[in-house]
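*Asks:* Please arrange chain B on chain A, whose structure you already have, making use of the hints.
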Amino acid sequence: RKEVEQDPGPFNVPEGATVAFNCTYSNSASQSFFWYRQDCRKEPKLLMSVYSSGNEDGRFTAQLNRASQYISLLIRDSKLSDSATYLCVVNMEGNKLVFGAGTILRVKS
Amino acid sequence: DTEVTQTPKHLVMGMTNKKSLKCEQHMGHRAMYWYKQKAKKPPELMFVYSYEKLSINESVPSRFSPECPNSSLLNLHLHALQPEDSALYLCASSQERHSSTDTQYFGPGTRLTVL
Numbered sequence: 567r568k569e570v571e572q573d574p575g576p577f578n579v580p581e582g583a584t585v586a587f588n589c590t591y592s593n594s595a596s597q598s599f600f601w602y603r604q605d606c607r608k609e610p611k612l613l614m615s616v617y618s619s620g621n622e623d624g625r626f627t628a629q630l631n632r633a634s635q636y637i638s639l640l641i642r643d644s645k646l647s648d649s650a651t652y653l654c655v656v657n658m659e660g661n662k663l664v665f666g667a668g669t670i671l672r673v674k675s
Numbered sequence: 003d004t005e006v007t008q009t010p011k012h013l014v015m016g017m018t019n020k021k022s023l024k025c026e027q028h029m030g031h032r033a034m035y036w037y038k039q040k041a042k043k044p045p046e047l048m049f050v051y052s053y054e055k056l057s058i059n060e061s062v063p064s065r066f067s068p069e070c071p072n073s074s075l076l077n078l079h080l081h082a083l084q085p086e087d088s089a090l091y092l093c094a095s096s097q098e099r100h101s102s103t104d105t106q107y108f109g110p111g112t113r114l115t116v117l
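So the sequences go chain by chain: A and B.
As numbered in this note's numbering, the first sequence has no gaps in its residue numbers, which increase by one up to the final residue, 675.
As numbered in this note's numbering, the second sequence has no gaps in its residue numbers, which increase by one up to the final residue, 117.
Chain A on its own, in the form it takes in the complex (with noise of 0.2 Å):
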């Protein structure tokens, strides 16, 4: 099993649509957890952090499960901009973040 699974997509909206991607993690020690968006040969962005609470910003919302292992990340009102790839992100121990392979995401007009 990989440390950290998401959905490879590729998602295809139409602007204005609601989306949100789905990512598990192995181990249940997990410390911390983010999502990153990268785009096409850029580095990753930190999108935002997540925690047990959920946390929101603008049209982006949050949400961590540590019983069921279980992030995500919904989007609402999509823009042409939003198109990338979602990283989720879990900081096992220490210093140390394994990524998810991604999630591509493409708003269309």
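Mimicking PhoX-like on lysine-lysine, the simulated pairs with C-alpha atoms at most 20 Å apart in a straight line are:
#1 Lys-42/B to Lys-608/A
#2 Lys-38/B to Lys-662/A
#3 Lys-42/B to Lys-611/A
Hint data in this document are derived by calculation from the structure and do not stem from the laboratory.
Owing to the predicted nature of the structure, the values given are computational and were not obtained by experimental measurement.
*Replies:* Okay, now just chain B, sitting in the frame of chain A:
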């Protein structure tokens, strides 16, 4: 300011060459990282420096040699690379607060091609 800079942006080298990748941050971060990313794959951790000391080496071949001259700089020395080492090399840094919320910020990467 969450800027991590890397030079060069692109590098083409032969298998007998010696070259170095450079990374710099001025955010006062005390942890710095090297990652390797192949096309259509996620980044893979190579090395971690914490307070200028190597703390993690993910069984990276010795043809890759990291160096941390000071708290702001991180180098990756390359020697006798193979064509399969061609990839995007990403540097990152974090505050190293030994807490679960320590966040890593990435530089733009160096795209390396080994001929």
